[in-house]
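Protein sequence lines correspond, in order, to chains Y and U. Quick note: the first sequence uses this note's numbering, first residue 71, plus one each step. Quick note: the second sequence uses this note's numbering, first residue 27, plus one each step.
It is possible that part of the hints are untrue.
[Unchecked claim] Straight-line Cα separation of at most 27 Å, DSSO-like style, residue types lysine-lysine; simulated pairs: (1) Y/K174 to U/K57; (2) U/K56 to U/K170; (3) U/K57 to Y/K158.
[Unchecked claim] Part of the chain Y face toward chain U, derived, beta carbon under 10 Å: (4) R120; (5) Q160; (6) I161; (7) T162; (8) N180.
[To be verified] Here chain Y is said to cover these stretches of chain U; the calculated rule only asks that three of the stretch's residues, wherever they fall, bring their Cβ under 8 Å from a Cβ of chain Y: (9) 126-134; (10) 156-167; (11) 180-190.
No wet-lab data here; the hints were simulated from the structure. Note that the structure is predicted; figures quoted are calculated from it, not measured. Even for Gly, the Cβ is constructed at its ideal location relative to N, Cα and C.
Here are the chains, one letter per residue:
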Amino acid sequence: MISLLVICVLGFLFVLWAVKKKEMLFKHALLWWFLDIILIILIFIPGILRFIADLMGIETISNMIFLFGFIIVLGIILLLTMLVAEQKAQITTLSQEVGILENKVRGLENGNHKKTNR
Amino acid sequence: MKILIIIPAYNESLNIVRTVDSLKDAKLGKKYTLDYVIVNDGSCDNTKEICEENHFNVINLPVNLGIGGAVQTGYKYAYYNNYDIAIQYDGDGQHDAAYIKDLVKEIEDGNDIAIGSRFVKELSEFKSTFIRRCGINFLSFLIKILTGKKIYDPTSGFRASNTRIIKEFATDYPTDFPEPDSITKIIKKGYRVSEIPVKMKPRLDGVSSLTTNIFKPAYYMIKVSIAIIIAGVTTRKVGDKNE
């Protein structure tokens, strides 16, 4: 129990450090902290797990923990892939606009004397 | 009438000069101005240097976006600079500029987009492998089922668009399999599509992106089919409420 608690506290502090160093967004830190706090509550009151397991008709607590852990991890990965898609779209737009601007700047610098029209 | 030729180029240092030179074969009348823009898609060869030495009108993308992102850059350029017609023209010298005037005529006749097709009628002398031909026929069949319109050469990258399509493409253009995917969307949205026969030349230098290994085409077919099905099922006519 002590070792689990230590891991949770270290996890909490690591996320805090990452936010401070701007290596994690605050909204994602909140998600991890939220998970961390749930884990800490469960460490102190393990009866909750037994109660939920009985409610769902799951025989062993460890199975239930694996099930939830799996669902949560899949959910987070899903969100991350969506985030990647969003960022790819942003990078694409940025690159295109940078390219077009650079073309325009070059045209202006050359004073348009080398007209590209054929 | 302002016409823009969009030339996407990724590592085309061996072909690009020839491609730009070939545009003089377009032979359009006095009332047209024919401009071109090369979209250098973050090439890692000296495409950029060659374009600059020759004072070509080139847009250098800072990173490699893939064919979809590169072609869309051209459409954005056309949109920002108020071109009346934009024509995609491959940087590897496969397309024949002599057909540009035919594509332009199709647009002037009221079509929104005109495709230069290798397989309309029996004109095609294009040396295509049997497998590739089967693949294209399958895509053609799939588009026919989804949209009700027969497109003989949905993978053709030789296409002319009017201002409405330029605007559409500048706003939204597929990344991975741009030709068949975008054509499905365009038909579904209710635009007028026409197809004219063109001859294409075999690639002269460099390697095509699709023939590097045998699994790529198979995987490509699966991916592109799924993309077409999604585009066909989810796209609504312009002006419909669900759009």
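These are the hints, each one checked on the structure:
This hinted pair checks out: Y/K174 and U/K57 have alpha carbons roughly 25 Å apart, not beyond 27 Å. A threshold of 27 Å between alpha carbons decides the hint, and for U/K56 with U/K170 the separation of about 39 Å lies outside it, so the pair is violated. Restraint check for U/K57 and Y/K158: the C-alpha separation of about 41 Å exceeds 27 Å, so the hint is violated. Look at Y/R120: its Cβ only gets to about 45 Å from chain U, farther than 10 Å, so that hint breaks.
Restraint check, Y/Q160 versus chain U: the minimum CB separation of about 12 Å is more than 10 Å; hint violated. Satisfaction of the interface hint for Y/I161 is found here, the shortest Cβ-Cβ separation to chain U being roughly 7 Å, below the 10 Å cut-off. A hinted interface residue such as Y/T162 counts as satisfied when its beta carbon comes closer than 10 Å to some beta carbon of chain U; here the least separation is about 5 Å, so the hint holds. Of the supplied interface hints, the one on Y/N180 holds, with its beta-carbon coming within about 8 Å of a beta-carbon of chain U, less than 10 Å.
Figure legend: the region 126-134 of chain U, annotated as covered by chain Y; annotation inconsistent (0 residues with Cβ-Cβ distances under 8 Å, at least 3 required). A count of 0 residues in the region 156-167 of chain U with a Cβ less than 8 Å from any Cβ of chain Y is obtained; the coverage claim is therefore unmet, three being the minimum. A stretch counts as covered by a chain when three or more of its residues have a beta carbon under 8 Å from one of that chain; for the region 180-190 of chain U and chain Y the count is 0, and the coverage is violated.
The structure shown violates the earlier hints numbered 2, 3, 4, 5, 9, 10, 11.
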